[in-house]
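*Asks:* Protein chains in written order, with this note's numbering: chain A, 1 to 160; chain B, 1 to 291.
No wet-lab data here; the hints were simulated from the structure.
Hints may contain errors.
What the hints assert, rightly or not - Here are a few chain B residues that face chain A, going by a calculated C-beta distance under 10 Å:
#, residue
1, GLY78
2, VAL103
3, SER150
4, VAL190
5, ASP191
What the hints assert, rightly or not - Here are some, though not all, of the chain A residues that point toward chain B, as calculated from beta-carbon distances under 7 Å:
#, residue
6, GLY23
7, GLY46
8, ASN61
9, GLU69
To be verified - Derived coverage of chain B by chain A (criterion: at least 3 residues anywhere in the stretch with Cβ under 8 Å from a Cβ of chain A; other residues may be distant):
#, region
10, 2 to 11
11, 45 to 55
12, 104 to 110
13, 216 to 227
Backbone N, C-alpha and C define an ideal beta-carbon position, used for all residues, glycine too.
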Amino acid sequence: MSETARVSLTLNGEPRTVEIGAGRTLLDTLRWELDLTGTKECCAAGECGACTVYLDGEAVNSCLVLAAEADGREVTTIEGLGSGGRLSRLQEAFLETGAIQCGFCIPGMVVAADALLRETPRPTLDEVLQGLSGNLCRCGGYTRICAAVLRAAGAADVTG
Amino acid sequence: MRPFSYVPAASLEEAVGVLARHGDEAHLLAGGTSFVLLLQQGLVDPGVVVGLSSVPGLNTIERDGAGQLRIGAMATLGRIEGDPLVRDALPCLSEVVGRVATVRIRNQATIGGNLAHADPAQDPPPILLALDAVVEAIGPSGRRTIPLDSFFVDVFETALAPGEILTAVRVAAPSPAIRFATVKFLPRTVDDFATVTVAVRIDPSPDGRVADLRIALGAVAPVPLRAVAAENAIRGHVPDEALLAGAAELARDAVDPFDDVRGSADYKREMTRVWTLRALRRALAPSERVA
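Next comes chain B alone, as it looks inside the complex (with noise of 0.2 Å):
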């Protein structure tokens, strides 16, 4: 590791300004569980390192006037999990920050440090992208916001610009009748990275029929995603055992897995079939409705 500045930024403004002046020199740092490896390991090398957790209010959690919930992006993840607007608003976020690693690791790892880093494997992508998440950026030329479900470009990439900062995450709150289910498939330690993830979200219509649905997934292809085929194949539909296991096909079929310590490429294919599966029925099954 070479030497370099730490400059605890006072403002977003001032972290814009540095990173500007510094270009690809300059790093932002926000809980530092992923960043103090990386720079351990020499993956980053960074010049100039800016520290977001001296901007204040960065990690504010708040309901806007339109009822969605704007999390900053310096909440910390045991932050989030313990947050009573969000129990209230999103037990099914609550739930899955709550399973990332150790308590310890929650204490310190950042909501927008977890987007921003855009490891596949993290955890609150696909409940994120099941509730049709949108951040917030500030960059060099302004202010914009980016859904999530164009934010993940490739392993460790994202849609955001040289120089440009994720500052929140936004989520409306559901109605009470949206059911969730969230999964976390672990086969080796309840510490480990997930084997696969997936999120479900169900919009019930009064005649039976799914009327909307989200299918994401995590840990299984370069980017967290969503089974749209998957998703297609059950909307507008009565759900039945059938129907369910064919969708999980399709959400087989649409993941891009890695051989790693987790699992073969095949054997996490086949994992998103199963887990996708349970996940659907679990979400359809009257009495698990939790949110």
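Same shape as in the complex, but just chain A (with noise of 0.2 Å):
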């Protein structure tokens, strides 16, 4: 047995391999091996949402994530929504409604709007403010970014 662990994971659609401590979490991994920056660490407690992330298609807080255990899982940061170097519906509409402030809560809160709106396309502000239960926005930004959540439903709506 090794304390280290080496963990090959798709992420972002892509394989990679890290080789890194056994107790080393997830969020760590993410932004200080792999250089994926986007996902934030704030409480480090499974308290804020910051660092939201996929792992195998759920959302989950990756501050709470042993990255031993992502070792053949796939796993989606927010550098992974959106596709061809385009923002997603849900991103663009953020930026629309102005829901962004200092933005440090932002990826945790599109990465968790964004499983919501997968498993509840048409959500009411009661099914966003649920899903985005224990996102925290330390500016107080919520009703912005409740509103980008409902405008990326209904724009998707309309076009779909």
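Two chains, two separate frames, one set of hints: put the complex together.
*Replies:* Below, the structure is given as structure tokens:
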């Protein structure tokens, strides 16, 4: 047995392999070993949602996942949303709505909202509040963040 | 945190073997929502961490031949919340796990980790106590079952022996006549741990008496517990407001909370009375029948 773990994962669609200490979190590994700094560290205790990523298609707090546990699995971060260098409809809606203030919570908000919209494409405001419950915004920008999610859902409605 | 080795177990037998070889040095990892925090805070200091997410089939939710629902230890709370079998047979459990923390925590936290961690403030134990749940375990001396009622020993302590692994929780699907009410009292934020949780199960009898019942409480004692004196006060009687009020007082007297940011011990005692009474009323109101 070794105190390092070799982790091979599919990261934003690409195969990646890292060798890390077995105690390192997925958050830490994304930011410091894989140079994906869009995912933010804030509380590091599973309470603020800033580190939200997809793990096998489900939103999780990457600060509470050991990277070793991501071996053989799929991870999608904020950098993996959108396609061909273009923002996703949801990301556009955040910009259009003025939902981004200091921006620190926004990657986690966007991934959490993306997960909500996958499950509930046309959420009510109450469902948005539930889906983003535990994603904390220090600027207090919740009203526009919720508006952005509803706007993205509405646009999807019109186009789809 | 000192460096440790991580062993993704390929089978329960392998996990049992690693635990047996390393004794106190080894620690199990289920969903990780509590374990990673304990690790970072230095409250656990393992030499070897045995991951259970790699054990095939440990998250299965199924109905066995006897009609019992068997929920594998590695089933996440989110999976249990949305599982069609659980929603059909145990909507009260689906409702309770759906109130735990946030959707991201529910996507990661497992029922086995939740029970084995034995944090008295967790949400699932009271409803599982009300359902007379049984846990399955495997260890160096084989497999056994433990009634949940005797599983919780103290804060963070369970009846699991050293080297034993909780593998599943089993619940008999209640008959449609049985009524449930669950309460999670959250005076702060919706994703917080509860100040008080109450689960009430009423087995009505055709003549209006309460044939049997369970009143289970969480977050108000070192372990989740049943308010047995309160149950005894109601069992066999036709419930009226005075009977329920008296039982709620007995529930209050059964708890032993500690002061924390979610309320003083006195406040939690009083809230135990208030929410037990409300949960009893809700379970007995015909329009509120949920299962």
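*Asks:* Taking the hints in turn, state whether each one holds.
*Replies:* Each hint, compared with the structure:
With a cut of 10 Å, the hint placing GLY78(B) at the interface with chain A holds, because the nearest CB-to-CB distance is about 7 Å. Hint status for VAL103(B) relative to chain A: holds, with the closest Cβ pair at about 6 Å, below 10 Å. The beta carbon of SER150(B) comes no nearer than 30 Å to any beta carbon in chain A, farther than 10 Å, and the hint placing it at the interface is violated. With 10 Å as the threshold, the beta carbon of VAL190(B) comes within range of chain A, its nearest partner Cβ sitting at about 6 Å, so the hint holds.
Proximity of ASP191(B) to chain A holds as hinted, the smallest CB-CB distance being about 4 Å (cut-off 10 Å). Annotation: GLY23(A) was flagged as interfacial toward chain B, and the flag holds, the nearest CB pair being 5 Å apart, inside 7 Å. Given the 7 Å rule on beta carbons, the hint for GLY46(A) holds: about 6 Å separates it from the nearest Cβ of chain B. The beta carbon of ASN61(A) is positioned within 7 Å of a beta carbon in chain B (closest approach about 5 Å), and the interface hint is therefore held.
Because the closest C-beta pair between GLU69(A) and chain B is about 6 Å apart, less than 7 Å, the hint holds. Only residues whose beta carbon comes within less than 8 Å of a beta carbon in chain A count, and the region 2 to 11 of chain B has 6; three or more means the coverage holds. Judged by the Cβ-Cβ criterion of 8 Å, the region 45 to 55 of chain B is covered by chain A as claimed, because 4 of its residues qualify and three suffice. Counting residues of the region 104 to 110 of chain B whose CB lies closer than 8 Å to any CB of chain A gives 4, so the stated coverage by that chain holds, three being the minimum.
Evaluation of the coverage hint for the region 216 to 227 of chain B: breached, as 0 residues show C-beta separations to chain A shorter than 8 Å, against a requirement of three.
In the structure shown, a violation is registered for the earlier hints numbered 3 and 13, in ascending order.
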